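For the protein sequence lines, the chains are A and B, in the order given.
Here the first sequence is numbered in this note's numbering, starting from 509 and rising by one per residue.
Here the second sequence is numbered in this note's numbering, starting from 45 and rising by one per residue.
It should be emphasised that the hints constitute simulated quantities derived from the structure, not laboratory data.
Predicted model, so just to flag it, every value in this text is computed and none were measured.
Be careful, since some hints might not be right.
Using 27 Å as the maximum straight-line C-alpha spacing, the simulated BS3-like pairs for lysine-lysine come out as follows [claimed, not checked]:
| no. | chain 1 | residue 1 | chain 2 | residue 2 |
| --- | --- | --- | --- | --- |
| 1 | B | Lys167 | A | Lys765 |
| 2 | A | Lys661 | B | Lys135 |
| 3 | B | Lys167 | A | Lys511 |
| 4 | A | Lys873 | B | Lys135 |
| 5 | A | Lys834 | B | Lys355 |
| 6 | B | Lys135 | A | Lys549 |
| 7 | B | Lys355 | A | Lys844 |
| 8 | B | Lys167 | A | Lys558 |
| 9 | A | Lys760 | B | Lys355 |
| 10 | A | Lys760 | B | Lys354 |
Listed next, the stretches of chain A that the computed footprint assigns to chain B, with coverage defined by at least 3 CB atoms under 8 Å from CB atoms of chain B [stated by the list, open to error]:
| no. | stretch |
| --- | --- |
| 11 | 658-664 |
| 12 | 682-691 |
| 13 | 760-766 |
| 14 | 816-823 |
Ideal Cβ positions, reconstructed from N, Cα and C, are used throughout, including at glycine.
Chain residues, written in single-letter form:
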Amino acid sequence: MTKQRQLRFTVIRSLVAILIALLVATLLIFISASGATFHDKLEATREALKQMLAGPVFRFSKKNGTAFEAKRLADILAAMIPTIFTGLSVCVMFSANQFNLGAEGGIMLGAFVTAMVAIYLPLPAGLHPVVAVLIGGAAVALVMLLPALLKTKLNVSEMVCSLMLNYIIMYVIKYLMNTHLADKSRGQIMSYPFRGSSAISPIINNAVFSGAKLSWGFVIAIAAVILCGLFMYRSRWGYAIRMIGINQDFAKYSGMKVGAVIVLSQVLGGFLAGAGGGIEMLGRYTSFSWSALPGYGWTGITIAILAGNNPYMVPLAAFFMAYLSKGCDLMATYAKVPAQLIDIVQGVIFLFFAAEQFLSGYRQKLVVRSAQEEIERARAEGGRQNA
Amino acid sequence: MLNFLKILATPEFFFSIIRISAPILYATLAAIVVEKAGFANIGLEGLMMFSALAGSLVSYYAGSWFWGFLAALLTGVLMSLMMGFFAFQLKTDIILVGIAVNMMGSGGTLFLCKVITNLTRGKAMASTTGLITKSLCIPDITIPLLNKIPFLGKVLSGHNLLTYLAFLFVFLTSVMLYRTALGLNIRAVGENPNAASSVGVSVMRIKYIAMAFSGLMSGFGGAFMSMAYAQGWSLDMVSGRGFIALAAQAMGGGECLGGMLSALVFGFAQALGIKFSAVGLDSNLASPIPYAVTIIGLVVFAVVRNRRVKKQHSVAALEKAAGR
Numbered sequence: 509m510t511k512q513r514q515l516r517f518t519v520i521r522s523l524v525a526i527l528i529a530l531l532v533a534t535l536l537i538f539i540s541a542s543g544a545t546f547h548d549k550l551e552a553t554r555e556a557l558k559q560m561l562a563g564p565v566f567r568f569s570k571k572n573g574t575a576f577e578a579k580r581l582a583d584i585l586a587a588m589i590p591t592i593f594t595g596l597s598v599c600v601m602f603s604a605n606q607f608n609l610g611a612e613g614g615i616m617l618g619a620f621v622t623a624m625v626a627i628y629l630p631l632p633a634g635l636h637p638v639v640a641v642l643i644g645g646a647a648v649a650l651v652m653l654l655p656a657l658l659k660t661k662l663n664v665s666e667m668v669c670s671l672m673l674n675y676i677i678m679y680v681i682k683y684l685m686n687t688h689l690a691d692k693s694r695g696q697i698m699s700y701p702f703r704g705s706s707a708i709s710p711i712i713n714n715a716v717f718s719g720a721k722l723s724w725g726f727v728i729a730i731a732a733v734i735l736c737g738l739f740m741y742r743s744r745w746g747y748a749i750r751m752i753g754i755n756q757d758f759a760k761y762s763g764m765k766v767g768a769v770i771v772l773s774q775v776l777g778g779f780l781a782g783a784g785g786g787i788e789m790l791g792r793y794t795s796f797s798w799s800a801l802p803g804y805g806w807t808g809i810t811i812a813i814l815a816g817n818n819p820y821m822v823p824l825a826a827f828f829m830a831y832l833s834k835g836c837d838l839m840a841t842y843a844k845v846p847a848q849l850i851d852i853v854q855g856v857i858f859l860f861f862a863a864e865q866f867l868s869g870y871r872q873k874l875v876v877r878s879a880q881e882e883i884e885r886a887r888a889e890g891g892r893q894n895a
Numbered sequence: 045m046l047n048f049l050k051i052l053a054t055p056e057f058f059f060s061i062i063r064i065s066a067p068i069l070y071a072t073l074a075a076i077v078v079e080k081a082g083f084a085n086i087g088l089e090g091l092m093m094f095s096a097l098a099g100s101l102v103s104y105y106a107g108s109w110f111w112g113f114l115a116a117l118l119t120g121v122l123m124s125l126m127m128g129f130f131a132f133q134l135k136t137d138i139i140l141v142g143i144a145v146n147m148m149g150s151g152g153t154l155f156l157c158k159v160i161t162n163l164t165r166g167k168a169m170a171s172t173t174g175l176i177t178k179s180l181c182i183p184d185i186t187i188p189l190l191n192k193i194p195f196l197g198k199v200l201s202g203h204n205l206l207t208y209l210a211f212l213f214v215f216l217t218s219v220m221l222y223r224t225a226l227g228l229n230i231r232a233v234g235e236n237p238n239a240a241s242s243v244g245v246s247v248m249r250i251k252y253i254a255m256a257f258s259g260l261m262s263g264f265g266g267a268f269m270s271m272a273y274a275q276g277w278s279l280d281m282v283s284g285r286g287f288i289a290l291a292a293q294a295m296g297g298g299e300c301l302g303g304m305l306s307a308l309v310f311g312f313a314q315a316l317g318i319k320f321s322a323v324g325l326d327s328n329l330a331s332p333i334p335y336a337v338t339i340i341g342l343v344v345f346a347v348v349r350n351r352r353v354k355k356q357h358s359v360a361a362l363e364k365a366a367g368r
């Protein structure tokens, strides 16, 4: 199949998957919409859908009409920061066919360790956030050694192991926060405030975008995307990771150090998740107060699937998910449809994106057409040579 | 320390181990059968969440636990068949199907709960614990005669109907796998689908049956969670039991009896955690115990398995050498 056709197929397939998910969403919204008559319900559904699909960048009001809302767009970009990192993390691990689901616990641990460095380690301003985030990432990389080594040495399922680690990480952090590290002077359970030197400063300040907050973390996230992409597609190690994901036996046969690469992919994935947690922490908060797993890891898995494990596509997928999530929040506020609709929509999109045979008939048609064209071309060229 | 051991030696403690093991046991049996059919269903967690919600809501609206129980089973089976459709027909990676179902099982069930309670009661509720009364739960059963035996009676009698069924299913599943044509087909498909197909076994049909079985077991597990273990459904109430079951399957060597023992080990770990927090240990330190035990269990199992494989290899090599 030609490259152009391949691209067209991918785009159409993605759009159809999203369309199906939105249809499911519409159906669910319709069921949950309030209204006595069918017409009322339809109207309520329309309103809810409008909020969900256009709400993230437009504000609707009776007085001022529809207006572009820069603050909400900035919110979406800010929400992308942690999920870009978990998305990259999952990309790297899934590329090697390692179903490590530890990004969820990883981002929490990274955020926690970074927060501790930001509170207790006095360092100069420029250096502090860098060191804090690196230590946060390194801590998670170290933890991910456990599932990775158990997988390569003992063939223990990295999936079960990483899932269990998520729970352990959450409870241990909760324990530490409840007992030793809590700032007792505050009303709720949170740590002492970070040192001023550790903050990642905002790119967008409040005056311009009426309360919008977007830290330099966003730029770092985009830089991480490029680095990750270069690593996966332009480096020896990235090639090995992808090769092992495609065919582990062949990779082994051709002399790759399969064990080492599997460990590398999970450690790198852990580092990315941890660093993402750290950057999110220092860019958005002034003290640590997470009391449960944040859910970014699961979103990261969806993003990696949407991006087809291609790091360069991660920002797009992360934007899509953040947009959808914001839309669902707005819908919950203005249209009384529970915001958890996002989980169902996410699940449906996820299923159809990952479905290899989805629209396979259409793909088959494209392949056949390409082949026929090639034969035609070959025949024409052959004819010319004969003449 | 001695005092603590005294608490552990009570019949109540052993009773709680059995009670806590039951849902893990159902999920473990589900994991065992699909594993025998040659794939992994990691969506057990999500399936149990959906079943738990369905059981709890239907029992409330129907006013009887029996219909709720049936609804839970039906939900588990239907959802697992849907998973099968994506995995076998649309060729989605089965692991990813499982992740998607788990994702929906967390927030999606809360969405459904809110929507359904909002439609019928005019108020969106985040859990069904307020709706469910004791009579809407699956009943406990006192076994006559057995309950008269000191200690043992207190441990074994008075459990929930589903707890007894869980242990009965260990036996039934084992019989199904090793004494019936269906079981033979399942194992054949798992070991070599091409060979099974060549003798006329429909691989697809067997895989769907295994999937449906795992859904049925998840239905039992889910019903247990919301209609016996707790009164009513609440968010993330299955809390990793579906995942722990995957570990129990591996630790039990993929066999029913082994799986049951592993499920009991996890039940023990969890019961121990609960006791620890009862004597004053921070519950956040006690809660991760079952998860840590899972990892340790997997490691121990893997070490033992690897040793056995190595031993077999060396025995085979020695025999070969002696033969020459």
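How the hints compare with the structure:
For the proposed pair B:Lys167 and A:Lys765, the alpha carbon gap of about 59 Å is over 27 Å, so the pair is violated. Restraint check: the Cα-Cα separation between A:Lys661 and B:Lys135 comes to about 30 Å, which exceeds 27 Å; the hinted pair is violated. Straight-line distance between C-alpha atoms of B:Lys167 and A:Lys511 comes to about 53 Å, which puts the hinted pair past the 27 Å bound. At roughly 19 Å between alpha-carbon atoms, A:Lys873 and B:Lys135 fall within 27 Å of each other, so this suggested pair holds.
Distance hint between A:Lys834 and B:Lys355 is unfulfilled; the C-alpha atoms sit about 58 Å from each other, more than 27 Å. The suggested pairing of B:Lys135 with A:Lys549 is violated, with an alpha-carbon distance near 37 Å, which exceeds 27 Å. Our distance criterion of 27 Å between C-alpha atoms is broken by B:Lys355 and A:Lys844, whose separation comes to about 64 Å. For the suggested pair B:Lys167 and A:Lys558, the alpha carbons sit about 24 Å apart, so the restraint of at most 27 Å is met.
The hinted pair formed by A:Lys760 and B:Lys355 meets the criterion: a straight-line CA distance of about 25 Å does not exceed 27 Å. At roughly 21 Å between alpha-carbon atoms, A:Lys760 and B:Lys354 fall within 27 Å of each other, so this suggested pair holds. A count of 4 residues in the stretch 658-664 of chain A with a Cβ less than 8 Å from any Cβ of chain B is obtained; the coverage claim is therefore met, three being the minimum. Using a Cβ-Cβ cut-off of 8 Å, 4 residues of the stretch 682-691 of chain A lie near chain B, which meets the minimum of three, so the contact claim holds.
Look at the stretch 760-766 of chain A against chain B: 0 of its residues bring a Cβ nearer than 8 Å to a Cβ of that chain, fewer than three, so the hint is violated. Only when three residues or more bring their CB closer than 8 Å to a CB of chain B does the claim for the stretch 816-823 of chain A stand; here the count is 0, and the claim is violated.
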